[in-house]
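Top line first, the protein sequences correspond to chains A and B.
All residue numbers for the first sequence refer to the numbering used here, where the first residue is 1 and numbers rise by one.
All residue numbers for the second sequence refer to the numbering used here, where the first residue is 1 and numbers rise by one.
In case anyone wonders, no lab produced these hints; they're calculated from the structure.
Some clues are possibly wrong.
[Unchecked claim] If you want a taste of the chain A side facing chain B, the calculated C-beta under 7 Å gives, among others: (1) 103; (2) 158; (3) 177; (4) 225; (5) 437; (6) 442.
[Said to hold, decoys possible] Ranges of calculated distance between the beta carbons of each label pair, as one might list FRET restraints: (7) 397(B) - 240(A): 47 to 55 Å; (8) 397(B) - 430(A): 27 to 35 Å; (9) 430(A) - 14(B): 51 to 59 Å; (10) 329(A) - 55(B): 43 to 51 Å; (11) 178(B) - 154(A): 36 to 44 Å.
Glycine included, every Cβ here is placed at the ideal spot set by N, Cα and C.
There are 2 protein chains.
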Amino acid sequence: MASIIRVDQIAACEGQEVTVQGWVYNRTDKGKLVFLLVRDGSGFVQCVAFKGDLDAALFDRLVRLPQESSVIVTGPVRADKRAPGVPGGYEIGVKQIEIVQEAADDYPMALKEHGVDFALDHRHLWIRMPSQWAILRIRSTVIAAIREWFDTHGFINMDTPILTPAACEGTTTLFETPYFDEGLAYLAQSGQLYNEADIMAFGKVYCFGPTFRAEKSKTRRHLTEFWMVEPEIAFCDLDQLMEIEEQFVTHIVKRVLRERLPELKSLGRDITRLEKIEPPFPRISYDDAAKILQEAYDATDDPEKKELLKFEWGMDFGAPHETELTSRFDKPLLVYGYPTAVKAFYMEPWPGRPEVCKSVDLLAPEGYGEIIGGSERMSSHDLLLQRLHEHQLPEEAFKWYLDLRKYGSVPHSGFGMGVERTVAWLCGIEHIREAIAYPRTIKRVYP
Amino acid sequence: MASIIRVDQIAACEGQEVTVQGWVYNRTDKGKLVFLLVRDGSGFVQCVAFKGDLDAALFDRLVRLPQESSVIVTGPVRADKRAPGVPGGYEIGVKQIEIVQEAADDYPMALKEHGVDFALDHRHLWIRMPSQWAILRIRSTVIAAIREWFDTHGFINMDTPILTPAACEGTTTLFETPYFDEGLAYLAQSGQLYNEADIMAFGKVYCFGPTFRAEKSKTRRHLTEFWMVEPEIAFCDLDQLMEIEEQFVTHIVKRVLRERLPELKSLGRDITRLEKIEPPFPRISYDDAAKILQEAYDATDDPEKKELLKFEWGMDFGAPHETELTSRFDKPLLVYGYPTAVKAFYMEPWPGRPEVCKSVDLLAPEGYGEIIGGSERMSSHDLLLQRLHEHQLPEEAFKWYLDLRKYGSVPHSGFGMGVERTVAWLCGIEHIREAIAYPRTIKRVYP
Numbered sequence: 001m002a003s004i005i006r007v008d009q010i011a012a013c014e015g016q017e018v019t020v021q022g023w024v025y026n027r028t029d030k031g032k033l034v035f036l037l038v039r040d041g042s043g044f045v046q047c048v049a050f051k052g053d054l055d056a057a058l059f060d061r062l063v064r065l066p067q068e069s070s071v072i073v074t075g076p077v078r079a080d081k082r083a084p085g086v087p088g089g090y091e092i093g094v095k096q097i098e099i100v101q102e103a104a105d106d107y108p109m110a111l112k113e114h115g116v117d118f119a120l121d122h123r124h125l126w127i128r129m130p131s132q133w134a135i136l137r138i139r140s141t142v143i144a145a146i147r148e149w150f151d152t153h154g155f156i157n158m159d160t161p162i163l164t165p166a167a168c169e170g171t172t173t174l175f176e177t178p179y180f181d182e183g184l185a186y187l188a189q190s191g192q193l194y195n196e197a198d199i200m201a202f203g204k205v206y207c208f209g210p211t212f213r214a215e216k217s218k219t220r221r222h223l224t225e226f227w228m229v230e231p232e233i234a235f236c237d238l239d240q241l242m243e244i245e246e247q248f249v250t251h252i253v254k255r256v257l258r259e260r261l262p263e264l265k266s267l268g269r270d271i272t273r274l275e276k277i278e279p280p281f282p283r284i285s286y287d288d289a290a291k292i293l294q295e296a297y298d299a300t301d302d303p304e305k306k307e308l309l310k311f312e313w314g315m316d317f318g319a320p321h322e323t324e325l326t327s328r329f330d331k332p333l334l335v336y337g338y339p340t341a342v343k344a345f346y347m348e349p350w351p352g353r354p355e356v357c358k359s360v361d362l363l364a365p366e367g368y369g370e371i372i373g374g375s376e377r378m379s380s381h382d383l384l385l386q387r388l389h390e391h392q393l394p395e396e397a398f399k400w401y402l403d404l405r406k407y408g409s410v411p412h413s414g415f416g417m418g419v420e421r422t423v424a425w426l427c428g429i430e431h432i433r434e435a436i437a438y439p440r441t442i443k444r445v446y447p
Numbered sequence: 001m002a003s004i005i006r007v008d009q010i011a012a013c014e015g016q017e018v019t020v021q022g023w024v025y026n027r028t029d030k031g032k033l034v035f036l037l038v039r040d041g042s043g044f045v046q047c048v049a050f051k052g053d054l055d056a057a058l059f060d061r062l063v064r065l066p067q068e069s070s071v072i073v074t075g076p077v078r079a080d081k082r083a084p085g086v087p088g089g090y091e092i093g094v095k096q097i098e099i100v101q102e103a104a105d106d107y108p109m110a111l112k113e114h115g116v117d118f119a120l121d122h123r124h125l126w127i128r129m130p131s132q133w134a135i136l137r138i139r140s141t142v143i144a145a146i147r148e149w150f151d152t153h154g155f156i157n158m159d160t161p162i163l164t165p166a167a168c169e170g171t172t173t174l175f176e177t178p179y180f181d182e183g184l185a186y187l188a189q190s191g192q193l194y195n196e197a198d199i200m201a202f203g204k205v206y207c208f209g210p211t212f213r214a215e216k217s218k219t220r221r222h223l224t225e226f227w228m229v230e231p232e233i234a235f236c237d238l239d240q241l242m243e244i245e246e247q248f249v250t251h252i253v254k255r256v257l258r259e260r261l262p263e264l265k266s267l268g269r270d271i272t273r274l275e276k277i278e279p280p281f282p283r284i285s286y287d288d289a290a291k292i293l294q295e296a297y298d299a300t301d302d303p304e305k306k307e308l309l310k311f312e313w314g315m316d317f318g319a320p321h322e323t324e325l326t327s328r329f330d331k332p333l334l335v336y337g338y339p340t341a342v343k344a345f346y347m348e349p350w351p352g353r354p355e356v357c358k359s360v361d362l363l364a365p366e367g368y369g370e371i372i373g374g375s376e377r378m379s380s381h382d383l384l385l386q387r388l389h390e391h392q393l394p395e396e397a398f399k400w401y402l403d404l405r406k407y408g409s410v411p412h413s414g415f416g417m418g419v420e421r422t423v424a425w426l427c428g429i430e431h432i433r434e435a436i437a438y439p440r441t442i443k444r445v446y447p
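Take the sequences, apply the hints, and build the full model.
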């Protein structure tokens, strides 16, 4: 009996008789030959059926076989440079074929162009198309690479809760749910505060799970539900954090290049841009970034561009500012030392400059903008308490968080990286909704 | 300069001068000697300070140093079989010590017994204690082992959504949240239905994330938020599924034994029970399980036990039934072929016996009960539609799910494994609330 193989193993099976189980993605008829492009989840392979090799009735069914029909194909693997597919370069001569199910012939996502809303309504079928399949395979490798790096660098995976009590940063961007007799619970926007407790027990930790923001943003960079990895490290300052970010991001890029080159190529990604990602990454202060933006503003005569680049010290960066800054570098850019006023309450102040905090954002190249936000955290109990009051946050809800500064406070730092933004950058795609299987936006919670 | 090491690397550093950064877990004074048990997140190590080696004022502070104070200790590593700690067997002679922060001396979780509610109120500190630290380190290894097995067996990690539209199995056990102008969204109880769409694109997939059940259960086996891994496999029947479960569970047990032996021992776990876990696992049908329970009922004269064991064909198992069944085996027990009426609507009927379905539960030994529930899924469109109507489920909400049976339906199977139940079994602990960092129960959503 031929052994069942996966299409991504086909190069090792040349000359052997194999069985592939999958679905018909495309069919071309040429008289006595039928070419089936079969996908099995691991790849796409061309299967060639010759009329003389098969029972006449079966061949007749093949000629009319609808897209998405499920099949089990058996036959010899032959090298053929012209054979389409992913990885491509091999075909299977069909000796036997079992039609598991003949698909209905009204397949909604047939091989033609569809509008985005139609495609999203049929996301459960859209993911079968090569572009979406490639993106989500790359995503799974990004996730594996993230975990691999932390698991091999002494980090402990700690799952922080999704259902949380009183909110840390205002409730307007939180989803809420009634929680038995305990009032409302809120879906977590971050596991960071819990991570800060966890490092005091485990030294280095990361949480990695879904994150929720009920923001009414309709940009191509926002989802209401997205995945975020958040490492936190005891005895770590801002400089050490930036080194970790460089190593970590480089590791992800390299693993994706190693394992998902066919998928990147099938997406038309310019690989040379990714091959340049190596530590060290350029580092500039927020102050210097503000100067660069001022220079760019002065240098242009285009009034539209002037309007977009308008900036003054104290503002947070918008997308045009990030694009301007990153256009000057081939690698991700680390911008550190943001104004305290635009960042969260828990960041350590810059020594001697309380208006600046020890924060760092990592901006991806090619206009993809911020994919990581991080900082050194405040370690002083009294200053933290003062900040809570300044931000009018309820002290009682933060009692446990304050405890961390009473019982063995240490310098510590951490960051959060958004998975979908990272995947979108690596894949070179326009909108992050394609970087997750079932995107959730303010207008969509289906399927 | 001495290099900074982690305590779990100490055996490799014998004779070297090292630096350890951590917290004082315990202190014993013996005249001119102070013994500090220092934990750094990776382990616990004894550090011995001799009065003659240190500045007098510093030594004086050490003698009074409160538990949880953060310290940086430098000195030579010496082997000493009696030295306590995890892994233990080594101590550090203190040549230098920097007190990063002297902890407040009212540490709530000081080394004495506390009630469970008090401990849970201080979960952010409780996790620093050796037992909780050990359990959560084992948990992180269980998670890594789960992912390792799937990632090395051709599975693609697909993140299924938490925010979902109309519920699949009634809304009474669902958390709900207002979702912009879209009405209510519900927190997912399972990613399975999405996984079934995903396998038609990726062949073999798994999702792994938090899962929510608003059940009013107060048992030691229920949380409202828990982590579940759910693989789904195309072209896979019930027998193949049971083989996968055996291989998968064995892999987890073996990796935990290999990497977390000191932690298991510190918990007093009987390792020999875990060392017996090897495929094949015993398999019995539900019918045979019912007979075994009847025999056990007949064999006992104890009226209390009779009451607990009362059972008739068609019932689901309760905890006493599971305990009775698993007490006969050293390994996890696979029970297959449950009555259709006690299982979910999407399970494939047993050929020729529609009252039975192709389901399988994996029951852990030692009374830990069900940790995996799985089945072959229904592949017929028409039968699935009939089931939806029988269960009075809204056809419209399942339109996309029905599509999967129209466009290339294949035999397929999958299961869900609860992480906390698995960790509780491996650690030999009573209650699953200790198997997650911040447990959520019907009475608790803090900290």
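Quick rundown of the hints versus the structure:
1. 103: Cβ of residue 103(A) sits 5 Å from chain B, so the hint holds.
2. 158: Hint holds; residue 158(A) Cβ to chain B Cβ min 5 Å, cut 7 Å.
3. 177: holds (4 Å)
4. 225: holds (5 Å)
5. 437: Nearest chain B Cβ about 5 Å off; hint holds.
6. 442: holds (5 Å)
7. 397(B) - 240(A): 47 to 55 Å: About 50 Å separates the Cβ atoms of residue 397(B) and residue 240(A), which means 47 to 55 Å holds.
8. 397(B) - 430(A): 27 to 35 Å: Holds: the Cβ-Cβ distance is about 30 Å, inside 27 to 35 Å.
9. 430(A) - 14(B): 51 to 59 Å: Since residue 430(A) and residue 14(B) have Cβ atoms about 57 Å apart, the given range 51 to 59 Å holds.
10. 329(A) - 55(B): 43 to 51 Å: For residue 55(B) against residue 329(A), whose Cβ atoms are near 49 Å apart, the range 43 to 51 Å holds.
11. 178(B) - 154(A): 36 to 44 Å: holds (42 Å)
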